[in-house]
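Chemist: Residue-level listing of the chains:
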Amino acid sequence: MNPQLKWKFVFILIVVLICIYGILGLPQFPTSLAQLNQNIADRIKLGLDLKGGSHLILQVQVDEAIGFHCDQALDQLTKQLHEKNIPFGEIRRVDDTHILVRDVDPAGSGNFRDLVTSQFSEWSYAPAAGETNGYLLTMKPSVVADLRTQTMDQSLETITRRINALGLTEPTIAFTGRNDNEILVQLPGEGDPTRAKSVIQAGGQLELARVADEQTYPSEIAALSAHGGVLPPGTIIVSGKAEGTAPGQPPQQVYYVLDRLPIVTGQDLRSATTSPSANYPGQYQVDFKLSTAAAARFGPFTEANVGRRMAIVLDHQVYTAPVINGRIEDSGLIEGSFTQDSAQDLALVLRAGALPASIKYLEERTVGPSLGADSIREGVRASIGSLIVVMIFLVIYYHQSGVNAVVALILNLVILVAFMAYAGAVLTLPGIAGVILTIGMGVDSNVLVFERIREELRNGKANASAVDQGFDRAFLTIIDTHVTTIVSAIFLFLFGTGPVRGFAVTLVIGLLANVFTSIYVSRLIFDWHVSRLGREAELSI
Amino acid sequence: MEFFRGVNADWMGKAKYFVALSLTLLAIGWFSILRNHGLRYGIDFRGGTLVYVRFAGPPPIDQIRKGLQTAGLPNSSIQSISDISNANSRNDVVIGLEQQGQGDESLDAGKQAILDVLHKTFGTDTSGKQDFNSITSSALAAYLTQKDPLLLGTSAGDRYNQLAQKLLSARDQDRGGVVTGFDQLKSVEGVTPAVLSSLTSGFSLGNFAIRNVEIVGPKVGAQLRKQAILATLYALAGMLVYIAFRFEWVYGAAAVIAVFHDVLITLGFFSLFHYEISLTVIAALLTLVGYSMNDTIVIFDRVRENLRLMRREPLAEIVNKSINQTLSRTILTSGLTFLTVSVLFLMGGEVLRAFSFAMVVGVVVGTYSSFGIAAPIVVVWNKYRGQGAAPAGSAADKRVVATARR
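The listed protein sequences correspond, in order, to chains A and B.
Mapped onto our numbering, the consecutive letters of the first sequence carry residue numbers 81 to 621.
Mapped onto our numbering, the consecutive letters of the second sequence carry residue numbers 489 to 894.
Certain hints may be false.
As the list claims (entries may be wrong) - Derived pair list, reagent style DSSO-like, types lysine-lysine, alpha-carbon separation capped at 30 Å:
| no. | chain 1 | residue 1 | chain 2 | residue 2 |
| --- | --- | --- | --- | --- |
| 1 | A | Lys220 | B | Lys654 |
| 2 | A | Lys440 | B | Lys707 |
| 3 | A | Lys125 | B | Lys654 |
Hints listed in this document are in silico derivations from the structure and should not be mistaken for laboratory results.
Full structure from sequences and hints, please.
Modeler: Laid out in C-alpha cells, this is it:
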C-alpha cells in the first residue's frame with residue numbers, strides 16, 4: 081500500500097483509539113462489564129433534564145444591601161451632627177442612595193461640609209434643589225458598584241456554603257451571567273427542592289438582645305403609647321410570636337421593646353448543633369457556642385442581667401425571650417417547635433452565615449427521575465432509529481461507497497461522544513436531538529462529494545481523478561454549509577440556557593467532527609479503495 | 489441506482505407559481521395566528537406554573553378541576569397528555585396556572601396550592617406513613633438502614649444505599665414513577681420478602697407522582713422573549729454578512745429573505761397545529777435558519793461556477809441549470825434530514841415534540857425556499873437592473889477560485 085496512505089490510516093486509528101479510551105477507559109481501566117457501564121456513566125455528563133434534578137434561578141435584592149448601607153450612614157451622620165453641634169432641621173433618607181439634610185444652620189454649614197468631606201468620603205454632597213440651607217448627599221457610583229459586587233460575592237459564598245452543608249451531590253452554584261444580580265443553582269437528583277429552597281432563602285441573621293421592657297404589647301402603637309409616645313433612647317420595637325399559645329392555634333403577633341444594640345450576633349458563633357430538646361420532649365433545639373471574644377462580653381452581660389429577659393431575634397423576628405437564670409459564658413440554645421429537620425436547617429444556616437440581602441426566586445424547574453429516565457430512553461431510541469434509516473439508505477443508494485459513508489458517519493459519532501466526554505460537556509435532551517441532526521446533516525457532506533464523483537465519472541474521468549475532483553470541488557461547499565449552521569449554533573449558545581446550550585454544543589462539535597470525517601477519513605478510504613482497484617475496474621458508487 | 493438524472497426543468501419559468509404557493513401558505517398560517525389571537529407561547533415566554541403529574545390509574549380530571557376552582561385558582565387548566573408513543577403515559581396530566589400577579593408571594597405558591605388540591609382530592613393518608621412514590625433515595629436508604637430487614641447489623645455499609653437506588657430505579661424506569669403494589673418490586677435485585685414487608689409496614693403508596701415542575705416568574709418570560717428575538721436577528725445578520733462576502737450582496741439579501749419566509753411559514757404551521765413556542769422551539773428555528781442557508785448556498789455555489797463556464801447565457805438559464813445539476817444532492821440531503829427528524833418526531837418523546845415538528849416543517853420549507861424564493865429573487869433583481877446576462881463575480885469570488893484550483 082502507498083506509504084502515505086498507511087500513515088494516514090495509522091493517524092486515524094490513533095484518533096479512534098483515543099476516542100474509545102476517552103469514553104470507556106476512564107477513570108479506571110475497565111476489567112468488567114459493570115466497570116464499563118460505570119465508566120460510560122461517569123464520562124458522559126447528563127443534564128438535569130436527563131438525570132432529574134432541580135434548577136433554580138435566584139435574584140439577590142442588592143438594593144436592600146445598598147439601602148442598609150445608606151441607613152447606617154444616616155445613623156452615623158445624625159450622631160456626628162449632634163456631637164459636632166451642627167444644628168439642622170431634619171435628616172431623612174430619600175431613597176437607597178440619597179440622604180437629605182434640611183435647614184442646616186448657615187453658621188454651621190462650613191463645619192457641615194467639612195464633616196461630610198472628611199468622615200463621609202463615600203458620599204458627595206450638593207445643595208438640595210428647592211431647599212434653602214438643605215443638602216442632598218449622594219452615594220458615589222463607584223461605592224454603589226462596589227457594594228453590588230460585594231453583596232453578590234458574599235451571597236454566592238453563603239449560598240454555596242449552605243448548599244454544600246446539605247450534602248447534595250455535585251450541586252452547581254454560579255452567577256447566571258445574564259443579569260448582574262442573578263444566581264443559578266442546580267441540584268442534580270433533587271426531586272423536591274423545597275428544603276433546599278428554604279435553606280437558601282433563610283436570612284440567617286441572629287441577634288441576642290436584652291429585653292428593655294418586660295411587657296409585651298399587641299401592637300406597635302400600644303408599645304409606643306406605653307412609653308408616652310416616644311421610645312426610650314437606644315431601644316427599638318421588634319415583633320415576634322407570643323409564647324405559650326395553645327397547640328393548634330395560630331400564634332399571635334406581639335411586640336417587644338428591645339435594646340437596639342445586640343450583645344451577640346450570628347457572627348460571634350463558633351459552632352451550632354442540634355440536640356433533642358430538654359424542655360419540650362419530642363422536639364429539637366439548636367445549641368450554639370460563642371467565640372472567646374464574644375464570650376468575654378456575654379459572661380458579664382448575663383451576670384449583670386440575671387432575672388431579666390433576653391430576646392433571641394432571628395431575621396428581625398423575636399423567636400423566644402427566655403429569662404436569664406444565671407451567668408452564661410459561651411453557650412446558649414434556641415428552642416421552641418423545631419422538628420429535627422428544621423433544627424438542623426437552622427443550625428446549618430447559622431454556621432454558614434447570614435445573607436447580606438434577601439433572595440427572590442425567579443425560576444424553578446424540577447425534572448423528576450422518571451421523566452429523566454423516559455427522556456433518555458426515547459432519545460436513544462430515536463437516535464438509533466435515525467442512524468439505521470440513514471445507513472440502510474446510504475448502502476442501497478451508493479453501494480460500496482455507501483459503506484464508506486457509513487464508516488465515516490459512525491466515526492463522526494464516536495468522535496462527537498468522545499469530545500464531549502473529554503471536554504466534560506453536558507448532554508441534554510435537545511443535545512440528543514443535536515446528535516440526530518448531526519447524523520442527518522452530516523450525511524449531506526458525503527452526498528455532496530459522492531454526487532460530484534458520479535458526475536465526474538459520467539463525464540468520463542478515471543476513478544482516481546474523479547475522486548480527486550469530487551473532493552476538491554465539494555470542499556468549499558462543505559465548509560460553507562457547515563459555517564452557516566455553526567454560526568446559528570453559536571448564537572444559540574450565547575443567548576440560550578441549559579438544555580438549549582447543550583443542543584448548540586452537541587451540534588457544533590458534531591458538525592466539526594463531520595468536516596474531519598467526511599473530508600479526511602472518507603477521502604482516505606476512497607484513495608485506498610481506488611488504489612486497490614485495477615485501472616479498468618468500476619468504482620462502486 | 490440514481491434518481492434525478494438528466495432533469496431539465498425550467499425552474500425560473502415557474503417562479504410565479506412558487507411565489508403564489510408561498511403566499512398561500514403564509515396566508516393560511518397567519519390567518520390561523522390571527523384567529524388564535526397571536527402565537528401560543530410556552531411557559532418559558534409567558535411565565536406561570538406547570539405541574540406534570542402521573543397517576544396510578546385513570547386520573548379524575550373533573551374532580552381535580554373542581555378542587556382547583558374551590559381552592560381559588562380560577563386561572564388553572566388541567567389536561568391529559570397521554571402520548572401514543574409511550575404506553576406508560578396514559579394516565580399523565582398537566583396542571584397549569586397562569587401567571588399570578590407581580591407581587592411578592594413566593595414563586596412556588598402556585599405549585600404548593602396544586603399539590604394541596606391533589607392531596608385533598610385523594611385524601612391524606614392518616615396512617616402517617618411516608619409516600620413511597622415520592623420518596624428520595626437518601627430517605628429510603630435511611631429508613632432501610634434503620635429497620636435493617638436484611639439483618640446486616642453494623643456491616644451494612646453501602647448496601648442499603650445501593651438497594652434504595654435499585655428500588656427507586658425500578659420505580660422510575662420500569663414503573664414510570666408510580667408503584668401501585670409493593671409486590672411490583674419483587675424482582676429487584678437484592679429484595680427479599682423481609683425487605684418487602686418492611687416497606688409495606690413503613691410506607692403508603694400515593695396515587696400520583698410529580699413528573700416535572702416548571703415555574704417561570706413574570707419578568708423572566710419577557711426577558712427570554714427579547715433574547716430569543718435578538719438571537720434570531722443577530723444570526724440572520726451574521727449570515728447576511730457571510731454570504732454577501734462570499735458571493736454578492738444581492739445573493740445575501742435573497743438568502744435572508746428566503747430564510748425569513750421559512751421562519752414565518754413554520755410559525756404559521758405551529759399555530760395551525762396548536763403547538764407551543766418554547767425555548768427549544770427557538771433552538772429549532774435557529775437551526776432551520778442555518779439549514780435553509782445551506783441549501784441556498786449549494787445552489788448559489790453552482791450558479792457561481794456555471795457563471796464562469798457559461799458567460800453568454802441569460803442568468804435565468806444558468807440558474808435553471810444549476811438547480812437541475814444540484815437537484816440530486818438537494819433532494820437526497822433534504823430527504824435524509826427529513827427522515828431523521830421524522831424519526832425524532834415519531835419516536836423522540838413528548839418533550840421534544842414541538843422541536844421536532846419545527847424541524848420537520850422547516851426542512852421541507854427550507855429546501856423549497858432555496859429554489860422557490862431565493863433563486864427567483866436573484867434572477868428578478870438582475871433583470872430589473874437591466875442585465876439579462878450574467879453579472880460579474882465578486883473579488884472574493886476570484887480569491888476562492890484561486891485556492892480551489894490548487
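Chemist: Has the given pair, lysine 440 of chain A with lysine 707 of chain B, been kept, meaning a C-alpha gap of at most 30 Å?
Modeler: Holds: lysine 440 of chain A and lysine 707 of chain B sit about 12 Å apart, inside 30 Å.
Chemist: For lysine 125 of chain A and lysine 654 of chain B, compute the direct alpha-carbon distance and say whether it is at most 30 Å.
Modeler: holds (20 Å)
Chemist: Starting from lysine 220 of chain A, check that the Cα of lysine 654 of chain B is at most 30 Å away, please.
Modeler: violated (59 Å)
Of the numbered hints given earlier, the model fails hint 1 alone.
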